[in-house]
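For chain A, the structure is supplied; the task is to place chain B on it using the hints.
The lines below spell out each chain.
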Amino acid sequence: MIAEIGLAALWLAAALAVLQLAGGLAALRAGENSDIAALTRPAAVLQGGLVAIAFAMLLWVFAITDLSVKLVAMNSHTAKPLIFKLSGAWGNHEGSMLLWVTVMALAGALIAGIERRLPEKTMQATLAAQGFVALGFYAFLLLSSNPFERLPEPALEGLGLNPLLQDIGLALHPPTLYFGYVGLSVAFSFAVGALVTRNVTPDFARAMRPWILGAWVFLTLGITAGSYWAYYELGWGGYWFWDPVENASLMPWLAATALLHSASVLASRDALRVWTIMLGVVAFSMSMLGTFLVRSGILTSVHAFAVDPERGSFILFLLALYIGGALLLFALRAGTISEGERFSIASREGALVVNNVMLSAILAVVLLGTLYPLLTEAFDVRVSVGPPYFNPVSAVFVFPMLAVMAVGPLLRWRRDSWSRVSKEMALTVALLLVALVIFGVVSQVALLPLLGLSFAIALGVASFLPLRGRSLRRVPIAVWGMVIAHFGLAVALLGMASESAFSTERLAALAEGERTSVGPWAVELQAVEPVAGPNWTAMAARMEVSYDGGKPIEIEPQSRNFWAPAQQTTESVLVTRWNGQLYAVVGSSSNDGRWQVRLWWKPLVTLIWYGGLLVALGGILALIGRVRTDLKRRTAARKGAARRLEMEKIS
Amino acid sequence: MKGLFALIAMMIALPVAAQQSVPPAPYAYRQLEDPVLEAEAQELMETLRCLKCQSQSIADSDAAMAGDMRHQVRIRIASGESPEEVRSWLVERYGDYVSYEPVLSTRTWPLFAVPVILVLVAGMLFWRRFRRRG
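If you read the protein sequences in the order shown, they are chains A and B.
The opening position of the first sequence corresponds to residue 1 in the working numbering, with each subsequent residue numbered one higher.
The opening position of the second sequence corresponds to residue 1 in the working numbering, with each subsequent residue numbered one higher.
In isolation and in its complexed conformation, chain A is listed as follows (with noise of 0.2 Å):
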């Protein structure tokens, strides 16, 4: 009963998208006081509780372990911890897409409820496209991938208990991905909105701006945590590797990152109008993409794709009618709209230009290198495109893009001269050439680590320049977010270029009492022991660092074997002090009785994911400095219209 009232909720919802979408419509054929536009702003709020209802059905019918239900049977179990069960709800194919649609809907009914700034046909554009966009993937969800089917005779035990999976940040990885995504949507059904009823103003740039910065900070988040769970689990050290899932979820941050700069010219300046729209565009485009490229199974093989294509060709489907039409109407409507304000090379905007072309510059790479490979595939010629293409193509722009950042803040809107930055410029450039020295002469640094230490330190140093000379407690929360920001962006770049370049390895087989040393670091093999788990049984290797000669740290590396499914992984062993990681792991025996060890040293790589994080706190200030910022006009606009109402009564 529970999975049929969600499934009831889920056609309801679809019906509603339907109804939306036809409201919007009408508004734009008939004038927006037509009968039917004025059910669009409540059929999207119904359809946002629907949906909720179905999703809130689905981790019920997870949280008692239904097994009558195939998706619970298939992926859940009835030993599983209550909090493994709900997150099981979400973490396979047609669970996630519900909790895809269920944002989605979310978002529209909170736009639908409280977003009056913009004229109402504009509104009813942007709804109507949002209700299009749902109804692709409700169509996807009821046609090929319904959550809730029920097996003709319930299992007697679900099938999913892979303790691998049972991880609280695989769990919170994809939903935070997704969040992204949909913010992405949302920003694209302003854009579509705005292009439609040609008003592509600074009120369309502020009411988009919270939800491009809201899915900035999920993806920038997303990636950060991915990318720190690859480098602790998989016992190798690495935490990128142009893989085209990590391509997927960095293409629309790099598009949501150029989106967001360009959005807030357009609401400060009025300038940027047509690049905002097209990069509304790129950014839900390379969202669906990368759903596209993780959904399918294309990236398991081209081939395999082929032989199961039901979902996978839905997908491509939805992918070529949403991208296809929104570069359709931008190329139709693009020419209507003028691009607004203009201004020299030397102003905030000049170097926000730049930045988004470098930006979109380093997308195309990016875009070029993922599927490139899977298009030669299909013509049989099967290439490999990684880090020694990705790192040095994408640096051939990364590093202009980084210049312009460090000077940029620092201009005037519209007009500035050089001249009045100079001491600024030459401070950045000071630093640059002494760091360049310092890495490049006197430790002999490889070039692309070199220019990315040398410029780390730069930015560092530059991007808190926008400060100069202000009185801190009247600096906005705003600028604080930019500056926090693009610091965090310098500090993820030196802990990179600090891991390239300054990294120690070290391999060795070693006999119980042995020693070897890793960096500073000294290590001793004292024992190792097996030690037993719930389902595995591992053998734990007790070691004994210690950081140049200082107090001996007891580290317990394990090489675990899980019986039920039976297969190897290596717990490693991290231990962190502020200028870097020692790393370790312990591998199988060899037959002379020793054990293979591998150890790193690693200086500044938790700068990496601390810079991460720091970017998307400062996305988190902006978007509560716009927020409030918003918030205190409204009511101050309001305070006006009242007061005007007075004013008249009186008189």
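Hints listed in this document are in silico derivations from the structure and should not be mistaken for laboratory results.
Among the hints, a few may not be true.
Unchecked claim - Calculated lysine to aspartate or glutamate pairs in the EDC-like style (CA-CA distance at most 20 Å, straight line):
no., chain 1, residue 1, chain 2, residue 2
1, B, K52, A, E153
2, A, K80, A, D203
3, A, K121, A, D35
4, B, K52, A, D380
5, A, K121, A, D203
6, A, K632, A, D243
7, A, K70, A, E153
8, A, K639, A, E246
9, B, K52, A, D243
As the list claims (entries may be wrong) - Restraint ranges, calculated between C-beta atoms of paired labels, are given here:
no., chain 1, residue 1, chain 2, residue 2, range
10, A, R577, B, W89, 40 to 50 Å
11, A, A38, B, I117, 47 to 57 Å
12, B, K52, A, G113, 20 to 30 Å
13, B, G95, A, E233, 50 to 60 Å
14, A, N391, B, W89, 46 to 56 Å
15, A, V627, B, K52, 14 to 24 Å
16, B, G95, A, Y610, 32 to 42 Å
17, B, S82, A, W229, 53 to 63 Å
18, B, Q54, A, A566, 11 to 21 Å
19, B, A64, A, V627, 48 to 58 Å
20, A, D548, B, P110, 43 to 53 Å
21, A, D380, B, A64, 40 to 50 Å
Computed from a predicted structure; not experimentally measured.
Ideal Cβ positions, reconstructed from N, Cα and C, are used throughout, including at glycine.
Chain B in isolation, oriented as in the chain A frame:
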């Protein structure tokens, strides 16, 4: 008691261990004595695909085949071959797919043409937008 449980558990896990009874090649998990050669080998291994894995280089995979390939790379580097010679030997054996570093060829030229076009387009955009103001 815990020890006994562990012992039983080990016996159950024995079939897993038995599958891996062939010891890995000597240089799969051992570094070269010469740090310069080892650095060369390491740099090369990070750009070679583990053919049994999904998106991993042989430098960070536990797969047996990746271990064998690491061994091959290390002994060839140690015997004086240059990294590019080792790479082309592996490409000859396994095809372009094994190398994460695409080389310019009739099959890969778009990977190199597109970034050049991007630089040109970016330059043109800036020139058009900013030429009239000094």
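key: Numbers of the earlier hints that this structure fails to satisfy, in rising order   = 1, 2, 6, 8, 12, 13, 14, 15, 17 and 21
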